[in-house]
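Protein chains: 2
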Amino acid sequence: MVVKIGLLGLGTVGTGTAQILLDPSGRNPLLKDITIHRVGVRSPDKPRSVQFPPEVITSDLKAIVNDPDIDIVVELLGGLEPARSLILQAIAQKKHVVTANKAVIARYGDEIYNSANQAGVYVLLEAAVGGGIPIIKPLKQSLGANRITQIIGIINGTTNYILSEMTTAGADFSDVLAEAQRLGYAEADPTADVDGLDAADKIAILASLGFGGRVQREDVYCEGIRQVSAADIAYADKLGFVIKLLAIAKGSGGQESQTLELRVHPTLVPKDHPLASINGVYNAILVAGDPLGQVMFYGPGAGSGPTASAVVSDIMNIVAILKSSGQTPTLDPLLSCVHQHFCQITPIEGIKSRFYARFLTGDLPGVIGHLGMSFGNHQVSLESVVQIGFQGELAEIVVVTHNVGEGNFRAALAEIRTLEAIKSIPSILRVL
Amino acid sequence: MVVKIGLLGLGTVGTGTAQILLDPSGRNPLLKDITIHRVGVRSPDKPRSVQFPPEVITSDLKAIVNDPDIDIVVELLGGLEPARSLILQAIAQKKHVVTANKAVIARYGDEIYNSANQAGVYVLLEAAVGGGIPIIKPLKQSLGANRITQIIGIINGTTNYILSEMTTAGADFSDVLAEAQRLGYAEADPTADVDGLDAADKIAILASLGFGGRVQREDVYCEGIRQVSAADIAYADKLGFVIKLLAIAKGSGGQESQTLELRVHPTLVPKDHPLASINGVYNAILVAGDPLGQVMFYGPGAGSGPTASAVVSDIMNIVAILKSSGQTPTLDPLLSCVHQHFCQITPIEGIKSRFYARFLTGDLPGVIGHLGMSFGNHQVSLESVVQIGFQGELAEIVVVTHNVGEGNFRAALAEIRTLEAIKSIPSILRVL
Chain D
1 MVVKIGLLGL GTVGTGTAQI LLDPSGRNPL LKDITIHRVG VRSPDKPRSV QFPPEVITSD
61 LKAIVNDPDI DIVVELLGGL EPARSLILQA IAQKKHVVTA NKAVIARYGD EIYNSANQAG
121 VYVLLEAAVG GGIPIIKPLK QSLGANRITQ IIGIINGTTN YILSEMTTAG ADFSDVLAEA
181 QRLGYAEADP TADVDGLDAA DKIAILASLG FGGRVQREDV YCEGIRQVSA ADIAYADKLG
241 FVIKLLAIAK GSGGQESQTL ELRVHPTLVP KDHPLASING VYNAILVAGD PLGQVMFYGP
301 GAGSGPTASA VVSDIMNIVA ILKSSGQTPT LDPLLSCVHQ HFCQITPIEG IKSRFYARFL
361 TGDLPGVIGH LGMSFGNHQV SLESVVQIGF QGELAEIVVV THNVGEGNFR AALAEIRTLE
421 AIKSIPSILR VL
Chain R
1 MVVKIGLLGL GTVGTGTAQI LLDPSGRNPL LKDITIHRVG VRSPDKPRSV QFPPEVITSD
61 LKAIVNDPDI DIVVELLGGL EPARSLILQA IAQKKHVVTA NKAVIARYGD EIYNSANQAG
121 VYVLLEAAVG GGIPIIKPLK QSLGANRITQ IIGIINGTTN YILSEMTTAG ADFSDVLAEA
181 QRLGYAEADP TADVDGLDAA DKIAILASLG FGGRVQREDV YCEGIRQVSA ADIAYADKLG
241 FVIKLLAIAK GSGGQESQTL ELRVHPTLVP KDHPLASING VYNAILVAGD PLGQVMFYGP
301 GAGSGPTASA VVSDIMNIVA ILKSSGQTPT LDPLLSCVHQ HFCQITPIEG IKSRFYARFL
361 TGDLPGVIGH LGMSFGNHQV SLESVVQIGF QGELAEIVVV THNVGEGNFR AALAEIRTLE
421 AIKSIPSILR VL
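Protein chains in written order, with full-length UniProt numbering: chain D, 1 to 432; chain R, 1 to 432.
By construction, these hints were calculated from the structure, which means they are not laboratory data. Please note: incorrect hints may appear among the correct ones.
One copy or any two copies: either way a pair holds, since identical chains are not told apart in the list.
Mimicking DSSO-like on lysine-lysine, the simulated pairs with C-alpha atoms at most 30 angstroms apart in a straight line are [claimed, not checked]: (1) Lys250 to Lys32; (2) Lys271 to Lys352; (3) Lys238 to Lys423; (4) Lys62 to Lys4.
Here the structure is a predicted model, which means the values were calculated and not measured.
Sequences and hints are given; from them, build the entire structure.
As structure tokens, this is what we get:
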């Protein structure tokens, strides 16, 4: 039995996927039973590094999802439309779908999985999070025996590259971003990466799998890294931390009946934490559960080869099921989406965390007392208050709090802003 | 449909497994469809931390593998016999098998998988390597799109704990071993761990999965850590390395037609290598492949909870297949053993690596020249020769070679042993 693939998109990941499928020797023998039946692209005449006969290539993407010969549609277009509509149409035609599209799954997963369950087809997305790192399937399968308590990831390579470079070179955000754009590690419009939106898409997907409920993408609290300065990185270093953009999902009671914390923000990570040493474009995802303890998955979070590796693993998974299932199989409950309800998400005001805040102040002798009073007025207990440097006439003071309610911390800051000695609050970051 | 488990063994891992299965809330909903039908133990009357009705417990292990009501036999006895015979009998009775027994699989995998394929049942062993770290299933499934080039693991927690403690405390092997035994991190008879036998069992299994061929356990070259001294750890540190017991499988061309290197030995690992920072009883496995690059899996390599998590994930996997497959399914080629041939293994003499050797010498002015000559005579090119300290009257010289053939290196050492100035060669280690 040969399984026929319809490939939508022949960009970086599409090309990598085609290269694996066209050159199966030395890989899992199952790959020899897969053929690329049609390839849909926007510009069929564009020169490409992988060659197909002219009759395989088409710009009519709808013809691919409707082609009765195709068993699996592999959507590697990216973006919301036409990707979403094509995925839904492929499902309606009872084709299995493999996608790397985190944006579509994070926003339309509910609609897509309901349709897929009704049609009795799989929608697999190993490539949507963590590039070549196997994380989706382990969360669905190997870790399912656990009550998952936390998923914490460095899941955006661009921002991790920028923060790593800022740390190594002591450079400021805008300079490193320009360099990253020159090297192709950041897009011309870097918004999705640097503002944390891409990481938010991905943690929405991971949380849904780990905590067994659907997640609304807009429930993910999200701060990017534009506000992180070279000064903060240097002060964090003195305090024993590195700054990373973390995506965090936390729950208390495992699957079903619980509320989740879901957030993406730059975070001070203790230097001896396993995530602290993940540098450059690499990704890592730490999963904690009971009785497992902690496991961490580390690897290349993007790029043609790694992402294609994940895409092809999903294709192989479906091919293996097609070859081994007998007549009238139903969907494998470990590979399909079995949960229907939406997770309750704790609003950011209700979350407790440690904070780092940097203040520019005049009138040094009095100001630490005033800061301490204002924090105390709002039950914000402090771990350290350090006068860490000067900027011209002004003193720089860095405060690290204990675990405190976000609401209390914000109320204290509002009071502190009214103090005459406080000239500005250049940065507020969270501490792991 | 409720799936019935026959559990063989109620030691640490058996108890952990029972605890998960008896308390499914908050875990994957599939666990609610699993019941522990019978439990086989050596001493039915022994008090236990998990309770079963008396009719569930038996000391007649054969009755469990022959019980027609049981769907899955979970073998957690450890040791070679009766584990091997019970696994084979369960297979003959067409029961699926889940095991944590690396010793049996590494030695009798060929026999067991042939029987399982003939009977049409699964033998899953996620818990046999890396405790709670998902590594077996990712190697079978998610990474299969790649041509795997290397698998390098820290896969024995006891030796990693001992080496970590020796590094932190500057203590010698025997003192740390005694402490590890006191803490329960090492067995009363530590042979299987400290002589590398356990790690060799595990790398034989990983190599077989990653490189797609069967592996003879006796083909794994194996050195333990008894010869590693506090002095070597200190010198390695000065040279920029930490010493780890690594299990290494290397191939060149992916699956099928290739020869493999397979070895377990203490190794100098550069401090900036991802495996260098894996300390204590933690395990980590690095897998490199094309086009993936490198991924690393990190977590608790042993213990009741983590190992039970892996056992239960295998049980869930089989339950999911039983629930979703239609009539007359065949074995899923990504979960069963599809390869029949044995891998060709390069004998250790044919392997190239970098070496670290420590010499105790007299007559310092002449000896470095003599050492250099002897190595040169056998085409062993040197990276560094450092006189690193004194022991009484004798000088200590540490040599690090470039990548050289094991045979050449040993021939050079044989010549060096005849030099009058060389009093002894206390350690020879490999360098990653």
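Against the structure, the hints come out as follows:
{"no.": "1", "hint": "Lys250 to Lys32", "result": "between (42 angstroms within a copy, 24 angstroms between copies)"}
{"no.": "2", "hint": "Lys271 to Lys352", "result": "within (22 angstroms within a copy, 36 angstroms between copies)"}
{"no.": "3", "hint": "Lys238 to Lys423", "result": "within (23 angstroms within a copy, 48 angstroms between copies)"}
{"no.": "4", "hint": "Lys62 to Lys4", "result": "within (16 angstroms within a copy, 47 angstroms between copies)"}
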